[in-house]
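Protein chains: 2
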Amino acid sequence: MTKPTQFSKTLRAWMDVFMHRSMRGWGHFAKSTGLSMPQFSILMQLHHKGPCGMSEVSERFDISAAAASQLVDKLVQAGYLERAEDPTDRRARLLTLSVKGGELISQGTEERYRWMNDLAATLSVEDQKKVSEALILLTNAVQKMEEKK
Amino acid sequence: MTKPTQFSKTLRAWMDVFMHRSMRGWGHFAKSTGLSMPQFSILMQLHHKGPCGMSEVSERFDISAAAASQLVDKLVQAGYLERAEDPTDRRARLLTLSVKGGELISQGTEERYRWMNDLAATLSVEDQKKVSEALILLTNAVQKMEEKK
DNA sequence: GAATACAGTTAAGCTCGCTTAACTAAAAAG
DNA sequence: CTTTTTAGTTAAGCGAGCTTAACTGTATTC
Numbered sequence: 001m002t003k004p005t006q007f008s009k010t011l012r013a014w015m016d017v018f019m020h021r022s023m024r025g026w027g028h029f030a031k032s033t034g035l036s037m038p039q040f041s042i043l044m045q046l047h048h049k050g051p052c053g054m055s056e057v058s059e060r061f062d063i064s065a066a067a068a069s070q071l072v073d074k075l076v077q078a079g080y081l082e083r084a085e086d087p088t089d090r091r092a093r094l095l096t097l098s099v100k101g102g103e104l105i106s107q108g109t110e111e112r113y114r115w116m117n118d119l120a121a122t123l124s125v126e127d128q129k130k131v132s133e134a135l136i137l138l139t140n141a142v143q144k145m146e147e148k149k
Numbered sequence: 001m002t003k004p005t006q007f008s009k010t011l012r013a014w015m016d017v018f019m020h021r022s023m024r025g026w027g028h029f030a031k032s033t034g035l036s037m038p039q040f041s042i043l044m045q046l047h048h049k050g051p052c053g054m055s056e057v058s059e060r061f062d063i064s065a066a067a068a069s070q071l072v073d074k075l076v077q078a079g080y081l082e083r084a085e086d087p088t089d090r091r092a093r094l095l096t097l098s099v100k101g102g103e104l105i106s107q108g109t110e111e112r113y114r115w116m117n118d119l120a121a122t123l124s125v126e127d128q129k130k131v132s133e134a135l136i137l138l139t140n141a142v143q144k145m146e147e148k149k
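For the protein sequence lines, the chains are A and B, in the order given.
Per this note's numbering, residue 1 is the first one in the first sequence, and the count goes up by one each step.
Per this note's numbering, residue 1 is the first one in the second sequence, and the count goes up by one each step.
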């Protein structure tokens with residue numbers, strides 16, 4: 001890095017404001033849907049990582065299998081999740097987001113997205129382009145990083 | 001905007017991955033400190049917005065004054081917060097992050113920051129510069145936006 | 001094929017966040 | 001000076017998440 005200190009400061013400043021903003025946003029959104037944060041987090045997780053079994057849920061959230069089972073059960077009953085038998089292992093369950101669940105997450109993302117879009121709209125066209133390029137760089141970097149693991 | 005669709009897609013893609021990542025990170029961190037998410041959120045809020053009264057806490061988190069009082073009380077007892085009398089209004093309390101509280105938040109931010117820093121480190125020097133510039137643009141835009149309100 | 005490990009569920013019980021209701025004390029309004 | 005708001009606390013009680021413990025059914029292992 002050429003200017004480690006400057007870059008660090010930039011990163012910190014941005015993350016500080018952005019994380020605060022998005023966390024509060026999600027909190028409010030979850031509340032407005034009537035779901036608890038743990039429930040909501042499970043939907044987010046499934047949206048992000050795709051279908052998985054019960055055991056993954058308990059691992060990822062560092063909760064007991066019992067807790068995962070109970071949380072998932074509520075989400076299934078509320079129609080946000082579908083719990084099917086895994087054909088390859090009849091002990092396991094295959095959890096997938098239902099259409100309703102997917103829409104919920106999309107809606108939440110949309111609201112968060114809108115804030116940032118409004119933010120970007122205050123920039124000049126060329127600055128927007130810069131931002132866009134930078135985000136593409138970062139998003140690609142994330143993908144590469146996750147592939148390596 | 002020159003390319004609204006493209007820009008939107010970029011924004012969405014980035015936010016999707018970043019929000020997911022940072023939310024999970026904070027969740028784990030909060031858990032590791034022994035604090036609940038609501039408690040942790042209050043510390044975040046104070047870190048971000050500075051000292052405030054009880055009423056602001058209950059408003060911002062959309063909880064009753066009683067709930068705010070109880071949550072704050074725990075944080076005070078744990079040494080993360082200081083609750084003093086407001087000299088200008090003896091009914092009111094002035095809540096401030098303690099040194100310990102500030103360090104906690106810094107530590108959490110640091111971990112989140114580190115991930116993104118590692119991410120940026122995979123980029124070429126010139127790409128890093130692009131990212132840095134873009135984030136400065138965004139951070140400044142946020143400041144302007146908040147000032148206007 | 002019997003023993004063991006694994007995936008998930010169910011039940012009991014705890015803690016925690018939250019609410020309402022009743023209360024104290026100070027400020028503002030009349 | 002009295003009345004009414006405002007800021008916050010305390011107590012009782014409810015619901016949610018989580019844990020441990022006991023259990024069912026299915027794979028694996030030897």
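Just so you know, these hints were derived from the structure itself, not from any lab.
Mixed in with the good hints, there may be bad ones.
When chains are identical, the list treats them as one kind, so a pair holds in a single copy or across two.
With a straight-line Cα cutoff of 35 angstroms, these simulated DSBU-like cross-link-like pairs (lysine-lysine) come out [said to hold, decoys possible]:
1) Lys130 to Lys148
2) Lys9 to Lys74
3) Lys129 to Lys74
4) Lys74 to Lys130
5) Lys49 to Lys148
6) Lys9 to Lys100
Non-conforming hints, listed in increasing numerical order: Per hint list: 3 and 4 violated.
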